[in-house]
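If you read the sequences in order, they're chains A and B. By this note's numbering, the letter at position 141 of the first sequence is numbered 141, and the numbering carries on one by one without gaps. Every position in the second sequence, counted from 1, becomes a number in this note's numbering once 1000 is added.
Keep in mind that a hint or two might mislead.
What the hints assert, rightly or not - Computed, partial: chain B to chain A, Cβ under 10 Å: (1) 1058; (2) 1125; (3) 1127; (4) 1129; (5) 1238; (6) 1309; (7) 1311; (8) 1314; (9) 1329; (10) 1351; (11) 1353; (12) 1391; (13) 1395; (14) 1397; (15) 1398.
Claimed, not checked - Each computed DMTMM-like pair below joins lysine to aspartate or glutamate, with the alpha-carbon atoms no more than 25 Å apart: (16) 32/A with 1357/B; (17) 32/A with 1352/B; (18) 209/A with 116/A.
Said to hold, decoys possible - Label-pair distances were calculated between CB atoms; the ranges are: (19) 385/A with 1115/B: 44 to 50 Å; (20) 1065/B with 225/A: 37 to 43 Å; (21) 1035/B with 225/A: 48 to 54 Å; (22) 1255/B with 357/A: 57 to 63 Å; (23) 1065/B with 69/A: 52 to 58 Å; (24) 357/A with 1075/B: 44 to 50 Å; (25) 381/A with 1148/B: 56 to 62 Å.
What the hints contain is simulated information worked out from the structure, not anything from laboratory work. These figures come from a predicted structure and were not determined experimentally. Don't be surprised by glycine CBs; every beta carbon is placed ideally from N, CA and C.
Protein chains: 2
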Amino acid sequence: MKQKSIEYVPEQPLAYLSDAGLFTAGVAAGIKASGRPDVALMVAPRAVPVAALFTQNAFAAAPVLRCREHLAKTGGLARAIVINSGNANACTGAQGEADALAMCRLTAELVGCAVEEVLCASTGVIGVPLPFERLAQGIRRAHAELAVSREASLRCLAAIQTTDAFEKQAGASFPHGGRTLNVAGIAKGAGMIEPNMATMLSFVAFDGKVAPAELAQAIRRIAAGSFNAVHVDSHTSTNDSFFLLATGSEEGSAGWEQHVAQVSERLAWLIARDGEGATKVTRIEVRGAESDAIANEIARTIAKSALVRTALFGNDPNWGRFVSAAGNSSHVRVASEVSCVLLGTTVFERGEPTTFDKAALSRALSQTDDVRLELRVGQGPGSATVLTSDLGYRYVEINAEYTT
Amino acid sequence: MKQKSIEYVPEQPLAYLSDAGLFTAGVAAGIKASGRPDVALMVAPRAVPVAALFTQNAFAAAPVLRCREHLAKTGGLARAIVINSGNANACTGAQGEADALAMCRLTAELVGCAVEEVLCASTGVIGVPLPFERLAQGIRRAHAELAVSREASLRCLAAIQTTDAFEKQAGASFPHGGRTLNVAGIAKGAGMIEPNMATMLSFVAFDGKVAPAELAQAIRRIAAGSFNAVHVDSHTSTNDSFFLLATGSEEGSAGWEQHVAQVSERLAWLIARDGEGATKVTRIEVRGAESDAIANEIARTIAKSALVRTALFGNDPNWGRFVSAAGNSSHVRVASEVSCVLLGTTVFERGEPTTFDKAALSRALSQTDDVRLELRVGQGPGSATVLTSDLGYRYVEINAEYTT
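Just chain A, with the same shape it has in the complex:
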């Protein structure tokens, strides 16, 4: 059995929430047995527009329920977000709901705002009550340590991690009307198409001014091309949350969306790259479907297949699995219209295998962590891209031995 390394240091410009106008903190409160940081706090100088998307899972965690209620009440404004890692506060019943409210209430008291202006998120083990006293102490210490500094931003980032192999951050800045606007995003999550429980938390802030209603519309478009291309809508975990904050106070931030989208797409790629032992990210691009929605469904069918994902781990250009996985979608019925291109090499064309250098393609697969798998399934106008991670020994190790 080969153990492949998951050592990975993403090459990326560092991004600091402080640059996007947030006070931040991160402390170790003893929620994680490891003693690593587990309470994070982000505070804006005033209530700012915020939009958020949450898991569609029927067992949405208590913090998700709490956030939905608060956002409905404020119409999309928040002053602070309080986060803990090490415990998902999911499937924890009435006690869990009381705890989520209490963590918001404590934060509101410390910050000096209405409880509805505090949002919350939790990530970690499911079904275990929060150790609330430790959490409360952590929130108090985090509040005392709030700062607008790069160091504080990094401590905040560290405190949202769970099984992540590396920290995920992305940033962008762009000139606007004589100023520079900054986008900073952080994320936690080891991405899978059928994602881990309590997996994905993403926070993207930028220091432009956008009205809550505009932000709420834009977040759907941004998520469709980023986090929802990894974490498929209908298969989200109990805690998945994506928060988007606009912290700026000056008018006229037009054109911001593409920069926020770019940062979000990078975070989504990093989440897929950290697919619990993943060695690569595969962009599955389906074209020629009847509609975009059908293309998305076909791409997801391929992306979810354990056989496809183990073949990618093995650097095995086993197009039979890719094509057959597509054939499992009820929308692919005419084999002779299907072609498959892997890393630029046509491996299957109009229903027939091609001749190609398998060893060379396998070598090419082993030398990149950004694999492109293109499938044409017919003559229709629909297309979609989905990211998936490969499935290797570390995935089993992490997931078979996570709580026991």
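Once you have looked at the hints, place chain B on chain A.
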């Protein structure tokens, strides 16, 4: 990283196709690089009623297309079935279709019957043309060695294997009108809910007399409770095939169906048990859904989850994953109506976690290979059972390194 053993010797009464009235043979023709047996032949003394179910995959392999055509022409009669392992003859285009026809034609010439009375099956690597000369030589040798003997039956069984960790057979006999009727079944396949390519071949024969039309109706009921409970309809491989033969010539075999069903259920369990490195089979029983179809969909959502399957491999009573997986089905919306019972222990009740001895339950999981996971999802009348295998290191090893 722990390597778990997949040593497994199923305790089962041996079953011989010869007892069910078939001539059989199995030879090594060099299709498999390993030199192990790879051509099998089953011949009935005359054309007998046969029913078959095949993959729903859009890329149905050439032998599947050929069988569908032959069965349509004969109305459900066959004299012989010729099988090769080591090559699936799938995604092989026009050449593959010509090869499937040629293997039937050669068998028909040797046996002395119409080509339509020969069925065929292939299993192994996808997208590689059949080495037809070797296959033809194997078919000739297999025909020369045909016998009604237990030894020949076992050689036939050996020749249909690919990545199987153990051979799968099951039998039953029952008294009927002063005689004993015999059911014998063999199968190949390492079962997964989203199954391996070219995975499942099953052949069940019994020496009763049943009309083709009756057989064709019964096979659907039998498969629903056996092979289709493992290999979900919409996610079958290119080659999945289940053949059911009634070889008897005497009238009056009423009551046969339950015995054939029992043999088929046992084969299905063995396929799940051999889930490419599996250490156990989990029966996921969903109750309280709006309909049986919805219960089946919920059970499949759980059964397919890589997170559920790795938790089972780790003997981890991580009910959060089971419950959350159910929550990913669009049909489970009210968390407070959901309860979960694992190996008889209630671990989640009406939306709340229970207190239970986690270490004891983990120990119990490690000591059985037949796990029962019960989920009540509401108050409806619908129920369904699906079998799944766990996902461990060996699964990755087998599937990452299968063709490279």
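query: Of the numbered hints stated previously, which ones are contradicted by the structure, given in increasing order?
result: none
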